[in-house]
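Trainee: Each chain, written out:
4 protein chains.
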Amino acid sequence: MTLRAKTYHQLFASSRRDGRLTLTDRVVLVAILASVVVAIIGTERAFATENRSAILWAEFGFGLFFLAEYCTRLWAVAERAGPEGDWTKRFAWMRSFFALIDLFVVIVTLVPFVLTGAPILRLLRLFRLAALLKFGRFSMALKALGSAVIERRYDLYVTGALAMVLLLGGATALYWAEGKVQPEAFGSIPRAMWWSVITLTTVGYGDVSPLTPLGKVLAAFVAIGGIGLVAMPTGIIAAAFSDAMQAYRDKIDPADEENPMP
Amino acid sequence: MTLRAKTYHQLFASSRRDGRLTLTDRVVLVAILASVVVAIIGTERAFATENRSAILWAEFGFGLFFLAEYCTRLWAVAERAGPEGDWTKRFAWMRSFFALIDLFVVIVTLVPFVLTGAPILRLLRLFRLAALLKFGRFSMALKALGSAVIERRYDLYVTGALAMVLLLGGATALYWAEGKVQPEAFGSIPRAMWWSVITLTTVGYGDVSPLTPLGKVLAAFVAIGGIGLVAMPTGIIAAAFSDAMQAYRDKIDPADEENPMP
Amino acid sequence: MTLRAKTYHQLFASSRRDGRLTLTDRVVLVAILASVVVAIIGTERAFATENRSAILWAEFGFGLFFLAEYCTRLWAVAERAGPEGDWTKRFAWMRSFFALIDLFVVIVTLVPFVLTGAPILRLLRLFRLAALLKFGRFSMALKALGSAVIERRYDLYVTGALAMVLLLGGATALYWAEGKVQPEAFGSIPRAMWWSVITLTTVGYGDVSPLTPLGKVLAAFVAIGGIGLVAMPTGIIAAAFSDAMQAYRDKIDPADEENPMP
Amino acid sequence: MTLRAKTYHQLFASSRRDGRLTLTDRVVLVAILASVVVAIIGTERAFATENRSAILWAEFGFGLFFLAEYCTRLWAVAERAGPEGDWTKRFAWMRSFFALIDLFVVIVTLVPFVLTGAPILRLLRLFRLAALLKFGRFSMALKALGSAVIERRYDLYVTGALAMVLLLGGATALYWAEGKVQPEAFGSIPRAMWWSVITLTTVGYGDVSPLTPLGKVLAAFVAIGGIGLVAMPTGIIAAAFSDAMQAYRDKIDPADEENPMP
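Residue numbers (the UniProt record's numbering), protein chains in the order written: chain A, 1 to 262; chain B, 1 to 262; chain C, 1 to 262; chain D, 1 to 262.
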């Protein structure tokens, strides 16, 4: 067995089939998470100026790592079964979903080194999280969740419409009751909608809250209505998620039986 | 096939039966939502004074559009099957639920142009949302939800009574513990009920909160009680909604089978 | 049929059996709710001083009404089937659960007129809500809920113990991290428990919140733990309530069949 | 029956088998809870300095009590059935899970008397709560809960990953929208994550909240996303807990049948 064949089996063979993580997968997973953590703490100014060169070297290292991973995969994919030539297989792979994600990750990691002008570009690095989709298990679970949500799309339309009516009704009620007293917070319906969203989701920052007795009575009904607003989509999403995980386990488990070795 | 017959089929034929949206439905839906958005942002003073004439023209346009829709339906409904005369059919349609909603929408859109005195009349325009009920699918889902809630009305009575006792008990406890210290917020039971509602729904603005150790201990128990207050109606509403959506799908699906073309 | 027999049937006969409300029940229910509302708004000082005599007369009226109801029941209960003498039946009724509640309501309504010294006694009037238990339906639903909760008592013990450990752990973590910085709010574990309860129930007033980075990291974990704290008892209570309402409907429905007239 | 045999039966025999609490168990349970309460209120400076000697004596008493319990168990365990010598049985017991917990509790209670330097050591006393695990019922319920959670570990991985993406996305959005306006609260992604956690868990302290219109629009979407964040793990944990309690009852009930005496 040649080195290329061994590499191919390590990088491609098992992880896609049964969703288990190979050693290479684990190394890549750690690299992805570490690179995201570095990108996050790199936004903290005090830390970033102190450790400027360390962060630059780390980012450069991650860029090289992801580039090397991409090139190795491109090199090894020629081992894929089939009568086509090496480069035909390679071009076929390059157009696949997982290869495009890999390429995307390489690009968002390296672009900020080339275009250093806008610091906002550095936020692109967070899209490295897309690389999580490479892991068969996570990708399959998301696909199952997506199809479960689509199956319940009417439920979500109706819930969404009811929630919009509740949000809008609450905002209108408090615009009417508090608009004169607190023009900054309730002086128009769009302003009052900020209060409405924060109350109906039960977050309740308290930066805006009604001051008049009438406003408080209306706000109390809106807050109680929020229980229903949360109850209906919660039920739908929980049921959709539960169905999705069942579908996902049904996909995982037969693979486990066929290939019981971890 | 005459123009009137074509118009009739486009406006009336399919949308009521299987709940699917025809092209006309989609246009009307966009017009409803756009007109509501204009009415909402028109309440923001800075924006409204700057774009006074644009908003006026848009509102006038929506008024004409809804009026034209109503008149076209009135004209085309004469095509309805039956031996009666054209105007007999038209009067019959005018008394139907959907026609009354259409008329209501035309009125709430145009009345603020006639009676310009009170700016509060402009809020009437938000009732244009009632036009969503014209869409068979949404109307059916609401009917299903309504009947599912009615079936569980005893559950809601009992939950409501328990919640009222909890609200009142919490308010009384904090009126007793904090009434002397914070007379503005807890100086009477009705005042303390504002705190009680905002705590039991877990919104928690923080505009009023207990200051004394005794008040904090009592408030902690009220907050923990809030978990139960939310749990019971959440379970009922989620179950009612789930039943309603099942009943709604059962109604939708056979129609889909009979008339599988979108 | 004598007046006493008619009164007996109106007051006693049907309401206990199938849980439906007779006309008398409805009158009594309105009187109870009205008397509670008067007691509540009577605590608002501005309103109470302005309407002093109106409130006094209303309270006196409610007292007389509840007393008259009690006496009428005492008089009419002699019609109850059985060979015993009138007063034997009356004494038997006086010792029954519902008669004791009625007596309790009369006492808490009239005591504040006799002992006018302590204004706290007026809060006793809120216990008039106990009269709701007289309505067969509500009393049965509560009994069903109670037995469903008792059946799941181990679940509640375990949840309660886990919640206590989480509350205590959170309070200890923030006492350790923030105790020096905010001695007023986190200077001891009992003080930190106020923050812990308000965070874990997701109320979040914001009167106390961590200021140090370490405190924020710990508080973030406590807040996420709150999702689990709410999830477990919510599931138990919702399931217990759902079982209770099923048991309650099973009790109600046969009665409805036997006696289908409202 | 010797005193040692009686002691053995009281301390060891029944409580482990069916999870019921013997008289000794109840005494130990009260001692554990009382000792934790003393440790908690001992952190309140005003109370601690006033009752210094009382707290010291109480702590010393609890230490002696737990030590005595440990020694008594060590002495009585020699009664355990088996041909080995007394000390062989004792050493076997000392290496068991429950004996190690007992020893741990004795140590965390007595260590602060020996090493009086660091007041932080006194927090160790809270670990006395670990002694709750000695009670068969609680220990079994936790084991059942643990295995139910392990069975659903993929669901929790996926939920956790989605929640992390949502947390990170929300923090990045508000860092981008509000970072310039409120550098203290949103000036870096790690800072914005504090806001993100407190919003998505719907705690909503309100110590940090967006000020710009764009920030408010983004925050509204994050708050609505929080409904889903809570819905998914809530469903998983509630289902896991429900399964766990079923498994736990299945374990408890047969024991009750075998040994119906309390």
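To be clear, the hints were calculated from the coordinates, so they are not data collected in a lab. Honestly, I wouldn't trust all of these hints.
Given that identical chains are not distinguished, each listed pair holds provided it fits within a single copy or across any two copies.
[Claimed, not checked] BS3-like, lysine-lysine: derived pairs with alpha carbons at most 30 angstroms apart:
| id | residue 1 | residue 2 |
| --- | --- | --- |
| 1 | Lys180 | Lys251 |
| 2 | Lys6 | Lys180 |
| 3 | Lys180 | Lys143 |
| 4 | Lys251 | Lys89 |
| 5 | Lys216 | Lys251 |
| 6 | Lys89 | Lys6 |
| 7 | Lys216 | Lys89 |
| 8 | Lys216 | Lys180 |
| 9 | Lys6 | Lys216 |
| 10 | Lys180 | Lys89 |
| 11 | Lys251 | Lys143 |
| 12 | Lys251 | Lys6 |
Trainee: Take the hints in turn and mark each one as holding or not.
Mentor: Hints, one by one, checked against the model:
Neither within a single protomer nor between protomers do lysine 180 and lysine 251 lie at most 30 angstroms apart by alpha-carbon distance, with minima of 59 angstroms and 47 angstroms respectively. Within a single copy, lysine 6 and lysine 180 get their C-alpha atoms no closer than 74 angstroms, and across copies no closer than 51 angstroms, so neither meets the 30 angstroms cut-off. Neither within a single protomer nor between protomers do lysine 180 and lysine 143 lie at most 30 angstroms apart by alpha-carbon distance, with minima of 49 angstroms and 37 angstroms respectively. In this assembly of identical chains, the alpha carbons of lysine 251 and lysine 89 lie at most 30 angstroms apart only when taken from the same copy (27 angstroms versus 50 angstroms across copies).
With identical chains, the CA atoms of lysine 216 and lysine 251 are never at most 30 angstroms apart, being 52 angstroms at best within one copy and 40 angstroms at best between copies. Proximity of lysine 89 and lysine 6 under a CA criterion of 30 angstroms is satisfied intra-copy only: 17 angstroms inside one chain copy versus 55 angstroms between copies. For the homomeric pair lysine 216 and lysine 89, neither the shortest alpha-carbon distance inside one copy (68 angstroms) nor that between copies (49 angstroms) is at most 30 angstroms. In this homomeric assembly, lysine 216 and lysine 180 come within 30 angstroms of each other (Cα to Cα) both inside a single copy, at 15 angstroms, and across copies, at 22 angstroms.
For the identical chains of this complex, lysine 6 and lysine 216 are neighbours neither inside a copy (70 angstroms) nor across copies (47 angstroms), given an alpha-carbon limit of 30 angstroms. Proximity of lysine 180 and lysine 89 under a CA criterion of 30 angstroms is satisfied in neither setting, with 69 angstroms inside one chain copy and 49 angstroms between copies. Proximity of lysine 251 to lysine 143 under the C-alpha cut-off of 30 angstroms is found in both arrangements, the shortest distances being 11 angstroms within a copy and 28 angstroms between copies. Taking the shortest alpha-carbon separations for lysine 251 and lysine 6, only the intra-copy value of 27 angstroms comes in at or below 30 angstroms, while the best inter-copy value is 50 angstroms.
In terms of the numbered hints stated before, the structure departs from hints 1, 2, 3, 5, 7, 9, 10, listed from lowest to highest.
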